[in-house]
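S.K.: First residue of the sequence shown? That's 0 in numbering that gives the first Met the number 0, and the numbers climb one at a time after it.
Do not rely on the hints blindly, as some may be mistaken.
Stated by the list, open to error - Computed cross-link-like contacts, DSS-like style, restricted to lysine-lysine with a CA-CA straight-line distance of at most 25 Å:
| # | residue 1 | residue 2 |
| --- | --- | --- |
| 1 | Lys75 | Lys97 |
| 2 | Lys22 | Lys97 |
| 3 | Lys6 | Lys75 |
| 4 | Lys6 | Lys30 |
| 5 | Lys30 | Lys97 |
| 6 | Lys22 | Lys75 |
| 7 | Lys30 | Lys99 |
| 8 | Lys6 | Lys97 |
| 9 | Lys99 | Lys113 |
| 10 | Lys75 | Lys113 |
Said to hold, decoys possible - Pairwise CB distance ranges (calculated):
| # | residue 1 | residue 2 | range |
| --- | --- | --- | --- |
| 11 | Ile62 | Gln115 | 30 to 40 Å |
| 12 | Asn16 | Thr53 | 13 to 23 Å |
| 13 | Trp32 | Leu91 | 20 to 30 Å |
| 14 | Met44 | Cys116 | 19 to 29 Å |
| 15 | Asn16 | Leu85 | 44 to 54 Å |
| 16 | Thr19 | Ile111 | 38 to 48 Å |
| 17 | Gly82 | Glu102 | 14 to 24 Å |
| 18 | Asn34 | Leu85 | 39 to 49 Å |
| 19 | Ala107 | Asp79 | 38 to 48 Å |
| 20 | Ile111 | Gly82 | 43 to 53 Å |
| 21 | Trp32 | Asp79 | 31 to 41 Å |
| 22 | Arg114 | His20 | 18 to 28 Å |
| 23 | Cys116 | Glu65 | 46 to 56 Å |
| 24 | Met44 | Lys99 | 40 to 50 Å |
What the hints contain is simulated information worked out from the structure, not anything from laboratory work.
As the structure is a computational prediction, the values presented were derived from the model and not from experiment.
Cβ coordinates follow ideal geometry from the N, Cα and C atoms, glycine included.
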Amino acid sequence: MEKDTEKTEVVFLISRNPYTHEKEAVAYFPKVWWNPCCHTHTAYMHNGQHGAATEEWAAFCDIPDESDAELVAALKAELDGIGYNLTVLDSLEWVTDKQKWYEDLHTAQANIAKRQCA
């Protein structure tokens, strides 16, 4: 991959392997569509593992803390090495904003359902 000439926004998150429960760093690209009709964006894990992730999934991943610094640094170095020119977004701010948005959405959906069933 050639070096990006434009900046790509990324949010670093922590996911847990469902089988081993080990932490894994994930790079989530909120402005890079994987499949717009399925509402999925591009995500990346180690060793070239590009894939799809929904914004809602990303919003409820763990926020990296100090104990995750090495995981995140290794993933960022890998992305830099394959040509990404990254703008790293604040994970706490991004996740907090998205969680509130989804909570408001779910509350609105529940209120609509109550009115329809009343």
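S.K.: Does each hint hold? Answer for all of them.
M.R.: Consistency of the hints with the structure:
1. With a CA separation close to 22 Å, the supplied pair Lys75 and Lys97 stays within the 25 Å bound.
2. With a C-alpha separation of about 21 Å, the suggested pairing of Lys22 with Lys97 holds against the 25 Å cut-off.
3. Simply put, Lys6 and Lys75 have alpha-carbon atoms about 14 Å apart, close enough for the 25 Å limit, and the pair holds.
4. This hinted pair checks out: Lys6 and Lys30 have alpha carbons roughly 11 Å apart, not beyond 25 Å.
5. Of the pairs offered as hints, the one joining Lys30 and Lys97 holds, with about 14 Å between alpha carbons and a cut-off of 25 Å not exceeded.
6. A distance of roughly 16 Å separates the Cα atoms of Lys22 and Lys75; the hinted pair therefore holds under the 25 Å criterion.
7. Between Lys30 and Lys99, the direct Cα distance comes to roughly 19 Å. Compliance with the 25 Å bound is thereby established for this hinted pair.
8. Taking the CA atoms of Lys6 and Lys97, the gap is near 22 Å; set against the 25 Å cutoff, the hint holds.
9. About 21 Å separates the Cα atoms of Lys99 and Lys113, which keeps this hinted pair within 25 Å; it holds.
10. A hinted pair counts as satisfied when its Cα atoms are at most 25 Å apart, and Lys75 with Lys113 does not qualify at roughly 45 Å.
11. With their beta carbons about 36 Å apart, Ile62 and Gln115 fall inside the hinted range of 30 to 40 Å.
12. In this structure the supplied range 13 to 23 Å holds for Asn16 paired with Thr53, their Cβ-Cβ distance being about 18 Å.
13. As the Cβ distance of Trp32 to Leu91 is approximately 24 Å, the hint placing it in 20 to 30 Å holds.
14. Range check, Met44 to Cys116: about 42 Å between beta-carbon atoms, so the 19 to 29 Å window is missed.
15. A hinted range of 44 to 54 Å is violated for the C-beta pair Asn16 and Leu85, which are about 24 Å apart.
16. The hint said 38 to 48 Å for the Cβ distance between Thr19 and Ile111, and at roughly 40 Å that hint holds.
17. A hinted range of 14 to 24 Å is violated for the C-beta pair Gly82 and Glu102, which are about 37 Å apart.
18. Checking the proposed 39 to 49 Å range against Asn34 and Leu85 shows it is violated: the Cβ atoms sit about 22 Å from each other.
19. About 40 Å separates the C-beta atoms of Ala107 and Asp79, a value consistent with the hinted range of 38 to 48 Å.
20. Look at Ile111 against Gly82: about 45 Å separates their beta carbons, and that is inside 43 to 53 Å.
21. Distance hint for Trp32 and Asp79: a CB-CB separation of about 22 Å, inconsistent with the stated range 31 to 41 Å.
22. In this structure the supplied range 18 to 28 Å is violated for Arg114 paired with His20, their Cβ-Cβ distance being about 41 Å.
23. A C-beta distance of roughly 47 Å is found between Cys116 and Glu65, which places it inside the suggested range of 46 to 56 Å.
24. A beta carbon spacing of about 26 Å between Met44 and Lys99 contradicts the range 40 to 50 Å that was offered as a hint.
Checked against the numbered hints listed earlier, the structure breaks hints 10, 14, 15, 17, 18, 21, 22, 24; every other hint is satisfied.
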